[in-house]
Amino acid sequence: MSNASGHRLAVTKMGPAAAKLGLAFQSLAVKTNGDIDGALAAAAKANVQAIITMDDPLIQSARARIVEFQLNRRLPVIGELRPMTEAGGVMSYGPNQIDMWKRAAIFVDKILKGANPADIPVERPTKFELLINLKSAKALGLPVPNTLLVAADEVIE
15 MSNASGHRLA VTKMGPAAAK LGLAFQSLAV KTNGDIDGAL AAAAKANVQA
65 IITMDDPLIQ SARARIVEFQ LNRRLPVIGE LRPMTEAGGV MSYGPNQIDM
115 WKRAAIFVDK ILKGANPADI PVERPTKFEL LINLKSAKAL GLPVPNTLLV
165 AADEVIE
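If you read the sequence shown in this note's numbering, its first letter stands for residue 15, the second for the next number, and so on.
Honestly, the hints are just simulated from the structure, not real lab data.
Do not rely on the hints blindly, as some may be mistaken.
Stated by the list, open to error - DSS-like cross-link-like pairs, simulated, lysine-lysine; straight-line CA separation at most 25 Å: (1) 141 <-> 27; (2) 45 <-> 27; (3) 59 <-> 45.
To be verified - DEER-style ranges, computed between Cβ atoms: (4) 119 <-> 51: 48 to 54 Å; (5) 113 <-> 55: 33 to 39 Å; (6) 56 <-> 125: 40 to 46 Å; (7) 160 <-> 78: 29 to 35 Å; (8) 24 <-> 117: 18 to 24 Å; (9) 29 <-> 124: 37 to 43 Å; (10) 128 <-> 160: 18 to 24 Å; (11) 171 <-> 125: 39 to 45 Å; (12) 27 <-> 75: 21 to 27 Å.
For each residue, glycine too, the CB sits at the ideal point set by N, CA and C.
Make the full structure from the sequences, and use the hints.
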């Protein structure tokens, strides 16, 4: 659920990956706050078995509604970033936002000291984190394999 350009690219990769696993995949674009309820209603109507959110400020601002939907429908919600899992989503795997903000501060410092932004190389995130909300998984009756718990950077109990 998102309409950011980077997310559209990720969605083009998710469809074929889901097909390889024998899963149906449906993308629901969300451009405005009003689209979120419509997307959740469409997900309910389609009888989905899980929701993956591609996080952006709009999705983050609606995470409580999305998690409430998850609990009411007994569906796992997987997010890209930590806040969705902290709000009650089952899992997130994505770049560590704190690490990215620190890197951004370094770039700002360089620019403020006179560096030409065009001369600063573009960086991709290097630190990713797996966060599991075991409390939410248990509430939904989802077993979480020990191998996944051991691999997690953090487990919310």
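Status of each hint after checking the structure:
About 21 Å separates the Cα atoms of residue 141 and residue 27, which keeps this hinted pair within 25 Å; it holds. The hinted pair formed by residue 45 and residue 27 meets the criterion: a straight-line CA distance of about 20 Å does not exceed 25 Å. A C-alpha spacing of about 20 Å is found between residue 59 and residue 45, which places the hinted pair at or below 25 Å, so the restraint holds. For residue 119 paired with residue 51, a C-beta distance near 36 Å fails the hint of 48 to 54 Å.
Hint check: residue 113 to residue 55, Cβ distance near 36 Å, so the stated range 33 to 39 Å holds. Against the hinted window of 40 to 46 Å, the Cβ-Cβ separation of residue 56 and residue 125 comes to about 43 Å, which satisfies the hint. The hinted range of 29 to 35 Å is satisfied by residue 160 and residue 78, whose Cβ atoms lie roughly 30 Å apart. For residue 24 and residue 117, the hinted distance range of 18 to 24 Å is satisfied, since their beta carbons lie about 21 Å from each other.
Take residue 29 and residue 124: their Cβ atoms lie about 39 Å apart, and the range 37 to 43 Å holds. Our hint of 18 to 24 Å for residue 128 and residue 160 is violated, since their Cβ atoms are close to 52 Å apart. The hinted range of 39 to 45 Å is satisfied by residue 171 and residue 125, whose Cβ atoms lie roughly 42 Å apart. Between residue 27 and residue 75 the Cβ separation comes to about 26 Å, which falls inside the hinted range of 21 to 27 Å.
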